[in-house]
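**Student:** In order, the protein sequences belong to chains A and B.
Using this note's numbering, the first residue of the first sequence is number 1, and each one after it goes up by one.
Using this note's numbering, the first residue of the second sequence is number 1001, and each one after it goes up by one.
None of these hints come from the bench; they were simulated from the model.
Hints may be right or wrong, so weigh each one.
Unchecked claim - The calculated PhoX-like cross-link candidates involving lysine-lysine, where the alpha carbons are at most 25 Å apart (straight line), are:
(1) A:Lys291 x A:Lys301
(2) B:Lys1153 x A:Lys153
(3) B:Lys1386 x A:Lys49
(4) A:Lys49 x B:Lys1206
(5) B:Lys1386 x A:Lys153
(6) B:Lys1375 x A:Lys154
(7) A:Lys375 x B:Lys1153
(8) B:Lys1375 x A:Lys49
(9) A:Lys206 x B:Lys1153
(10) A:Lys206 x B:Lys1154
(11) B:Lys1375 x A:Lys386
(12) B:Lys1154 x A:Lys154
The structure displayed is predicted, hence computed values, not measured ones.
2 protein chains.
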Amino acid sequence: MKNFFESAKPFHAALVLAQSKIQPITETQEVPTVDVLGRVLASEIVSPKDLPGFARSGMDGYAVHSLDTQGASSQRPIELKVMGRAEMGQDPASLPKLENGQAMEIGTGGPLPPGADAIVILEETERISDSRVKIFSSISTGIHVIVPDEDFKKGEQIYMTGHRIRPVDIGALLALGYTRVNVFRRLKVGVISTGDELVPAETQPKPGQIREINSHILKAQLTELGAQAQLFGIVRDDRSALLKTVQRALDETDFVLLSGGSSVGAKDLTEQVLGELGQIYIHGLHMKPGKPTIFALCSNKPVVGLPGNPVSSAVVFAKFVAPLIMKSAGALTSLALRRERGTLHEEIKSVRGRTDFVPVVLHFEGESPQIERVKGHTTNISTLAKAEGLLYIEPDSEGFSQGDVVWFEIW
Amino acid sequence: MKNFFESAKPFHAALVLAQSKIQPITETQEVPTVDVLGRVLASEIVSPKDLPGFARSGMDGYAVHSLDTQGASSQRPIELKVMGRAEMGQDPASLPKLENGQAMEIGTGGPLPPGADAIVILEETERISDSRVKIFSSISTGIHVIVPDEDFKKGEQIYMTGHRIRPVDIGALLALGYTRVNVFRRLKVGVISTGDELVPAETQPKPGQIREINSHILKAQLTELGAQAQLFGIVRDDRSALLKTVQRALDETDFVLLSGGSSVGAKDLTEQVLGELGQIYIHGLHMKPGKPTIFALCSNKPVVGLPGNPVSSAVVFAKFVAPLIMKSAGALTSLALRRERGTLHEEIKSVRGRTDFVPVVLHFEGESPQIERVKGHTTNISTLAKAEGLLYIEPDSEGFSQGDVVWFEIW
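So that you can see chain A by itself, here it is in the shape it has in the complex (with noise of 0.2 Å):
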């Protein structure tokens, strides 16, 4: 018996290769602003300007000429004469000019009166008279004063192409005076089931069927990435069938991932049509789960075939191909890791060289959170269902003993 995967690749190497197979997708589109949350840059941004374009105080209190107060102390105050108040959205060219001897009441984010070069904080002072104001404490020119390119500098690079888009980023954008954005349009990403214990999910399955959820699992993880599933429904394992539904996938989308039927015979189906149709480069992953997992380019789009089994094909999905599908999308960063700390409850073993993730859940005792295993096979999806987190165990680890404190991803 010939072993399919006998050539499995380890974990980091084959994301390395396949990642080096990827071409990110050029097509572009403007968007507003404010809609464009979990979007991915398609140009740099760089400040038109600088912000906040004039000098605002950084504090409640009075705009003085910094000489002014020379020597001034707790002991020894200044007096100044108060030229009213510098009011918030003021144009400060309206403001008169601040001569020497002279303060203006201000509030945080105030336009700074011309003359003046500091701020004297509200606590190191006193209104004396509506005209006059002691003052406590001697500083220095540009104390509290932000300055006019304080936040962002004209021709400053903000962000680089690639950059997926945050809720702060949003704000800074519309800072920027960015009110439309270029980013490269939604990745379609193209899903097809295969196996012919499965019916789709709706449907009330036959003793002996298996109704259909990785393709529903998948769109939703690559709704989270901000790319747009699209689902071919489940072939059966034919393949002339298989061979039509992928030819039809790579022509309407930009990836094809393929929920495998878990059985050998859909394993070699799978890899007779995609040897067929393109180049295959992985055979298999060395990982736990996901062993079973392929990738390949066919007219030049890539994609992978996963393993049929819900556990793995989620996990396969989370791990390797999420970086992939967001270097398509024209992403520049990784995929940032969600962390946990706990003692480990019991021995978790590995084999060396092989990458493991582990479902595990938390459990709240006395001082560290103890962390388990997922009891049940594990290629259920209730395993995956009551996880908190994966339990990543390195390639070069037998895995770990109980008591060790670990650090968990969360799921």
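Mind docking chain B on chain A? Use the hints.
**Tutor:** Showing chain B alone in chain A's frame:
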């Protein structure tokens, strides 16, 4: 001069107090399971039946009577009669009953024929003819058999009310036959911006004016949490205008955020209005950024007055408001942290008793990533736009020294 925030509460105490005041929403709706990503379950989910519901093979091989294999070894194989193949998707009841001395070919996931109680894996067999197979190992009952309730047991609780749906949960719900589920309706959150210096983000600010960006950042942050933002525009620093808009937001939404003017006058105004409409519980947080934060209940709805500067607003939202939003939305779980580790490139000081969140970036030099504080005034939106994470400084710490290895939260 009265210090408005003299009563600043420690960060965690404030969070606990505010959470204790919040009543989750109770209105629910039924949603197709395939559309339920990010929603919050309004009912517990119990398995309506055993799943997979029939005995399946966990490996490729032969279904056998385990007793038949007793004594078999590579030196002394036994022979069994092959009764065909159990095909994927086949009704187990349609398969012939396996008698002693018989075996049936089976793929991973295939239905166990009646009578069989174990699987011999392919690698421990040799097919010598169409109808005969040699078995090279002795196995006990149950080996490589996925029992009918292995994935889910009838009556077992799978999810608690309040669980927020991840991609894999969609798969588990569909596997259980739940094609529709009962979730809490989306939380509606009103966002009001105040400040005389603000102009709508899409307009060109005059000198002294600032584009209003906080409401757009907050809307994107709310979207990430699955809540629905309703923007009420910019209100001038005027008591009756603010009162009217807050009242309208309370009427139309479940939770109100005020992104406040940062001047003392504006803070007093927010306090006045919220005091008039309800009860203020928190007058300031002992955190940085974010000190001038107000929490109140008005008409039994939570209202948070956020600081006006965009950095404070975004950080207070992420760390203080987000857990309150999730509780209001009916969610049980707190928000997962996302963390990375590195070596501090410089000393970062804090104050005992205060909780700090410092915008940082990572640099990859040598072995360990170097963490650097983002340069610039702490109220600049550019500091957050450039940040890759927030370094969390606990209230019992006075900060970190250069060279400390620390964890920060991905921003």
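**Student:** If a hint holds in the structure, say so; if it doesn't, say that too.
**Tutor:** Evaluation of the provided hints:
1. A:Lys291 x A:Lys301: Holds - the C-alpha atoms of Lys301 of chain A and Lys291 of chain A are around 22 Å apart, at most 25 Å.
2. B:Lys1153 x A:Lys153: Violated, at about 62 Å.
3. B:Lys1386 x A:Lys49: holds, 17 Å
4. A:Lys49 x B:Lys1206: holds, 14 Å
5. B:Lys1386 x A:Lys153: holds, 13 Å
6. B:Lys1375 x A:Lys154: Holds, because 17 Å separates the two Cα atoms, which is no more than 25 Å.
7. A:Lys375 x B:Lys1153: holds, 13 Å
8. B:Lys1375 x A:Lys49: holds, 19 Å
9. A:Lys206 x B:Lys1153: holds, 18 Å
10. A:Lys206 x B:Lys1154: holds, 17 Å
11. B:Lys1375 x A:Lys386: Measuring from Cα to Cα gives roughly 42 Å; hence the hint is violated.
12. B:Lys1154 x A:Lys154: It is violated: about 65 Å lies between the C-alpha atoms, which goes past 25 Å.
Hints 2, 11 and 12 from the list above are not met by this structure, while the remaining hints are.
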